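Q: Residue numbers (the working numbering), protein chains in the order written: chain Y, 1 to 324; chain W, 1 to 324.
It is worth saying that the hints were derived from the structure and are not from the lab. Just so you know, these numbers come straight off a predicted model, no measurement behind them. Mixed in with the good hints, there may be bad ones.
If you want the footprint, here are the derived chain Y segments under chain W, 3+ residues with CB under 8 Å [stated by the list, open to error]:
| # | segment |
| --- | --- |
| 1 | 120-133 |
| 2 | 283-294 |
DSBU-like cross-link-like pairs, simulated, lysine-lysine; straight-line CA separation at most 35 Å [stated by the list, open to error]:
| # | chain 1 | residue 1 | chain 2 | residue 2 |
| --- | --- | --- | --- | --- |
| 3 | Y | 24 | W | 105 |
| 4 | W | 318 | Y | 97 |
| 5 | W | 105 | W | 132 |
| 6 | Y | 105 | W | 105 |
| 7 | W | 176 | Y | 97 |
Yeah, the Cβ is synthetic: ideal placement off N, Cα and C, and Gly gets one too.
2 protein chains.
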Amino acid sequence: MRLRSLRERDLVAAIRREFPAKNKGLVLGIGDDAAVVRSGRNLSVLTTDLLVEDVHFTALLHPPYYLGRKSLNVNLSDIAAMGVKPRFALLGLALRKGLKTEWVKEFFRGLAGAAKEAGVGLVGGDISSAGKIVISVTVLGEAKALITRRGAHPGDLIFLSGRPGDAAAGLRLLRKGFRLGTNAEADSLLRAFLDPVPQIALGRTLARFRAATGLTDTSDGLSVDLFHLCEESRTGAVVEVDQLPLSPALRSFAKDPTRLALHGGEDYGLLFTVDPRKSGLIDGLRKTFECHWIGRMIRGRGIFIVDRRGRRRILEIKGFEHSL
Amino acid sequence: MRLRSLRERDLVAAIRREFPAKNKGLVLGIGDDAAVVRSGRNLSVLTTDLLVEDVHFTALLHPPYYLGRKSLNVNLSDIAAMGVKPRFALLGLALRKGLKTEWVKEFFRGLAGAAKEAGVGLVGGDISSAGKIVISVTVLGEAKALITRRGAHPGDLIFLSGRPGDAAAGLRLLRKGFRLGTNAEADSLLRAFLDPVPQIALGRTLARFRAATGLTDTSDGLSVDLFHLCEESRTGAVVEVDQLPLSPALRSFAKDPTRLALHGGEDYGLLFTVDPRKSGLIDGLRKTFECHWIGRMIRGRGIFIVDRRGRRRILEIKGFEHSL
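Chain Y with its partners taken away, still in its complex shape:
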């Protein structure tokens, strides 16, 4: 849901320079899934997302109920990616003139349902009109412990939750005219795109047991998210491409499922690294959470994929533009 173009990366670097991270109480500023500030004895975790119609979503393809859910859930995914419990949300909403009341009601029904599932309170907001629908959601989480993108070490194992590529395949099916209810296999892909589930319980469990060294969510595409994890941890990585947990539905519908899994984005699974001495902990977690081992962190700054025959090549770092 967040397009991170090269220009954005330049801008973020410029903003970082303009706003030095020396503010009292600031624990972690721009550059992770969420910002962390000290609040008394606790840590507060903050994240915000801006969704603009016809840039980040299209009202034609995204039913308002699912759009309401997703608007909150993509932010909850950022909080999950810190291993933290989300507590409160704020909504900024600009509505087009002529939008039906039914659309607005369904949007709020979706948002309220997602908030209830996560135990999050919608505590404030700002509503206005605009030429396009604009949705801005901010979430506040609270934590005693959390996991950043900065803690991975060479040798750590890389795990992934969820099924990479499914959401990107779902978007492609939507564009081709598929809608929910056509067939079960297509539905699983459509749902992955329309209604991603933030991995809050997994993230919190990883933080509580200090099971992971580095953690992020797969919102921008596995290659881009792994790149961010490596950048912030100052490591490289090797992904065993044949270990990618491609879903049967993705294999049925996608021409190049591996490409979608690596670069598709919008998955909102968790990508995390584990000290090999703690891999027993992960074996335990895997009884409750679907996680797959996909590779390991390495020294240096290279990011590679390796296939079953041991052929290694540089992993291209790119997300697809999801603009519609």
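Keeping the supplied structure of chain Y fixed, place chain W upon it in accordance with the hints.
A: Structure of chain W alone, referenced to chain Y:
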């Protein structure tokens, strides 16, 4: 900067129903200047604003430096209106393709300057592209004490900081082609609109000395903001229209200065109520802060204005549409 149409008020009521304020830790939900949640021993105060180009501002009239300042400052005004110290800000920004780098740099220079003045850290954000510029700012404040819109009582004195109507007059001059630097009197009106100053120190002082019973900012127009204060406090009010602190510039440039002062909006002063037994405290404050007595709260739900001859009439509750 926030258009609150009747439709928005309906929506807010609908949202309140959809999101019952029973979340653990929620102190004050939708309906005040900002939301308040418990965070350990402290209170956290949260507010968010969404600004859409050609709805809430126009790039042609609003130089990017001042737009950057105002984007943050209108949120800081909401925090000031709780009597609280702002701490951290998040920015969601969507930029038009073709927008000059210079524009973006000036916007951030303004935002960074306003953040520095207020001691606020910009800790995170989300940048993307869109057909129109969209700016979403969220601010987190922290407090031990605060003042809501709910505490005013019949008999309390009403005070106002700042010069109501100046900002609305400034916008009208901008539309007529006036620009900063033309003449000093026009400049004071243009600045009131382009670069409002959030009354953080006054708000905090009112909270620290428990000097005010009710507090809000004048962002929507004095009549609308007073209406909100009365609604939340379940009182009525009488405004002495001849006590409104109309600026000499407003009197020079506006055809109907009182109308702009009552309904113009975008002032970002503070409107607060004081127990008459504490009016001595306010006399002290007035040595440091420019505040004016303008009326008193009354029993019942009527809101009136009264002129020097004692003629009383119902105050029309309306803000101008600032859409450009």
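Q: For each hint, tell me whether it holds in the structure or not.
A: Status of each hint after checking the structure:
1. With 13 residues having a beta carbon nearer than 8 Å to a beta carbon of chain W, the segment 120-133 of chain Y meets the requirement of three or more and the stated coverage holds.
2. Beta-carbon proximity to chain W at under 8 Å applies to 0 residues in the segment 283-294 of chain Y; the threshold of 3 is not reached and the given coverage is violated.
3. About 25 Å separates the Cα atoms of residue 24(Y) and residue 105(W), which keeps this hinted pair within 35 Å; it holds.
4. Proposed proximity of residue 318(W) and residue 97(Y) is supported: the alpha carbons are some 21 Å apart, at most 35 Å.
5. Under the criterion of a C-alpha separation no larger than 35 Å, the hint pairing residue 105(W) with residue 132(W) is consistent with the structure, at around 17 Å.
6. Our distance criterion of 35 Å between C-alpha atoms is broken by residue 105(Y) and residue 105(W), whose separation comes to about 39 Å.
7. In summary, the hint linking residue 176(W) to residue 97(Y) is supported, as the alpha carbons are separated by about 28 Å, within the 35 Å threshold.
Violated hints, listed in ascending order, are 2, 6; each of the other numbered hints is respected by the structure.
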